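Build out the structure end to end from the sequences listed, making use of the hints.
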Amino acid sequence: MELILTGNAAIALAARDAGVALGVGYPGTPSTETLENLARLEGGVAQWAPNEKVALEVGVGVAFGGRRALVTMKHVGLNVAADPLFTASYTGVAGGLAVLVADDPGMHSSQNEQDSRHYARAAKVPMLEPSDSQEAYEFTRLAFQLSEQFDTPVLLRTTTRLSHGKSTVTPGQRETALPAPQPPMNPAKYVMVPAFARVRHRLVEERQRRVREWANAAPLTRAELRDTAVGIITSGINYQYVREVAPTASVLKLGLVYPLPLEAIRAFAARVETLYVVEELDPIIEEQLAAAGIAVIGKERFPPLGEFTPAVVATGLGLPAAELPTLELPTRPPAMCPGCPHRGVFWTLKKLGVTVAGDIGCYTLGVAPPLSAMDTCVCMGASIGVAHGLERAGINPATVVGVIGDSTFLHSGITPLLDMVYNGSRGTILILDNGTTAMTGRQEHAGTGKTLTGAEAPRVDLEALCRVLGVPDVDVIDPYALDAMEARIKQALAFEGVSVIIARRPCMLIPHEDYPAQQVNEELCKLCGRCLRIGCPAITKTPVGEGEQPRSRPEINALLCEGCAVCAQLCPFAVITNTV
Amino acid sequence: MTQTMNILIVGVGGQGIVLAGDVIGMAARLAGLEAKASEVHGMSQRGGSVVSEVRFGETVYSPLIPPPGADYLLAFETLEGLRGLERLRPGGVAIVNTQRIIPSSVTYGTAVYPADAEAQIAARCPNAVLLDAIAVAIALGTPRAVNSVLMGALAGHGVLPTACWERAIRHVVKPRFVELNITAFRRGLELAPAGTRRA
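Chains S and V, in that order, give the protein sequences.
Its first residue numbered 1, the first sequence is counted upward by one per residue in this note's numbering.
Its first residue numbered 581, the second sequence is counted upward by one per residue in this note's numbering.
Derived by calculation from the structure, the hints in this document are not laboratory data.
Every value quoted in this text rests on a predicted model; they were computed, and no experiment measured them.
Take these hints with a grain of salt, some might be off.
Unchecked claim - Just so you have them, the derived chain S footprint on chain V, three or more residues with Cβ under 8 angstroms:
(1) 610-618
(2) 641-651
(3) 657-664
Stated by the list, open to error - Some chain S residues near chain V, calculated using beta-carbon distances under 10 angstroms:
(4) Glu2
(5) Lys166
(6) Ser167
(7) Tyr239
(8) Val242
(9) Leu319
(10) Cys337
(11) Cys340
(12) Gly535
Where a beta carbon is used, it is the ideal one built from N, C-alpha and C, also for glycine.
This is the structure we're talking about:
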């Protein structure tokens, strides 16, 4: 049975067929759909964790208990999960443990473009890199086998084009004889105190040698000898670009990108005249080959940043890749949806002129014009720590607001809030609670009252959680009610302690109340343009008048308008009203 | 067919571009060809520019369209169609929905939506076909059918057998929308050769 699947869907199917007891992760583009697909498959079990560290720890527990686990995350999620990864490398597993890490070269939806291959080397864990959906399926199956064979977690690295690319998959046999769970009963293996860890570290080094030896002869290290004038070492999606633009070149395709099969690479290098390494992002293969005395052409010809395309690979190889000159056209950046509950919040923060320490989510779009109301954004949860740090730097905390979403708060916001209270900081934190993990496509979390599968679950009470951390001033406001929101934020800014204001309204992409669309009274509108400065895609303008100061007439598209009435509230002439 | 066919689909988040890519890939597979597709999810879907690439043939390596570019550009929006022309190969065909969706850089910024976008497309691409597909879709009952109208126009250029397209729509589209989309596809098919071809 042949299927057309995304890389993510192929990984999910392979995990199900490999008999995983659990798929667990935190949403992050481009990894998110993997667990959603797994949960939809007959016999697939998947759940969201509050963050990637917890997800990996749960996965480690499943593996310690003798069953297989798939843990999923985006590249920056592996930073969060790095702590358990490095020591799980020492403990090894009982059941197979595969960790999907999805990189985002080109930053389609990320705050950096770090190269996760560094983690394989740093944690001394094998890393597989598939090059299409069929390999995504096969390598996922293989990851569980290698994990058990070599007693190690195995990293499965994809990139955006692999995770979201679609190609055909012929699945293998589903495993039916699944092992019974067994409690861990080997403290010398699973309790990493120094005396035990020293012994395990020796085994890790020995394991690296054995995995390398295996990879030298394994079919996933594939030398394709064609014209030997040019040889290219590559892996992942770049293999496809290489085959596309240089069909006659010899290729050494790596399936295992760490540890490198150096003997196989040496043998390939000896057969070709000019040897290239085609790798996206960092020169990780190139530097290891240089250290092994194998001369290659790499980053001197290929960029260390951005996403590769067939044209980029062709250019690096010195092949023609002419494209027409780019036209100068208006850009079309993403924007908050019509009715988005974040819009009024950023309008208000801009009006108050405060410094905004932002965070990761749809609301990061608050930095974009015309709202332009965000001053910092680093990583998940950083809004609160940065707001605290600004206060410690001596900046008046009455002029700073930390802004964080509900899912992000539960991911990494609780501990920095605890820290503000504990260390006697002062400041205002806004939790934008839209009842979902919006940016990655509306995933449930511990604050939504539902699990990944939509089943009812306990819903954490954010107000009570903040109070129990010791926050003295906690309140809930409606982000559609502009005047009340502004007054309450001002009160919090003036408060001599930590304030948490929860702005609660559902995301427009999840079920919500319906409100009448708004309309502008054309005859009474004074063309002041204020409603055009909130960045609502439902409001467009047409130029009117001639001469020195052309003005714009706003128009509200009733099909797009969600009726939040934020525009109506800030219209100084009250000419925006409900449609009838 | 020995040559790989490259189709670039462009438009605005929420227009049904990903679904169109799925239908084209399925139609190619039903025609016995290998198909690969690539698109980007996530942040860009919040009303941003969306690009989907579909390739099919006997053997397809890259899911991304290589130089010299796409054989067909299927544009769901005029400005995005103009933007997409740089990735259309010389001699390629652009099928453009004349719907205009104003980007935020125009509404809130200083950028200007090119008034002569259609003329620019026609000037740069002698094979451009400009269609008021959204009007056709609305006449059929819903603007959501616009993607099937455009796919019909593409099929009208002889890209894959019609039977494969209709089977693909039945495969990919949710059952309750199948008949509407088949009707829209057939309307697009009729429009294609005559249409408002400019050259």
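> Which hints from the list above does the structure break, by number from lowest to highest?
Replying inline: none
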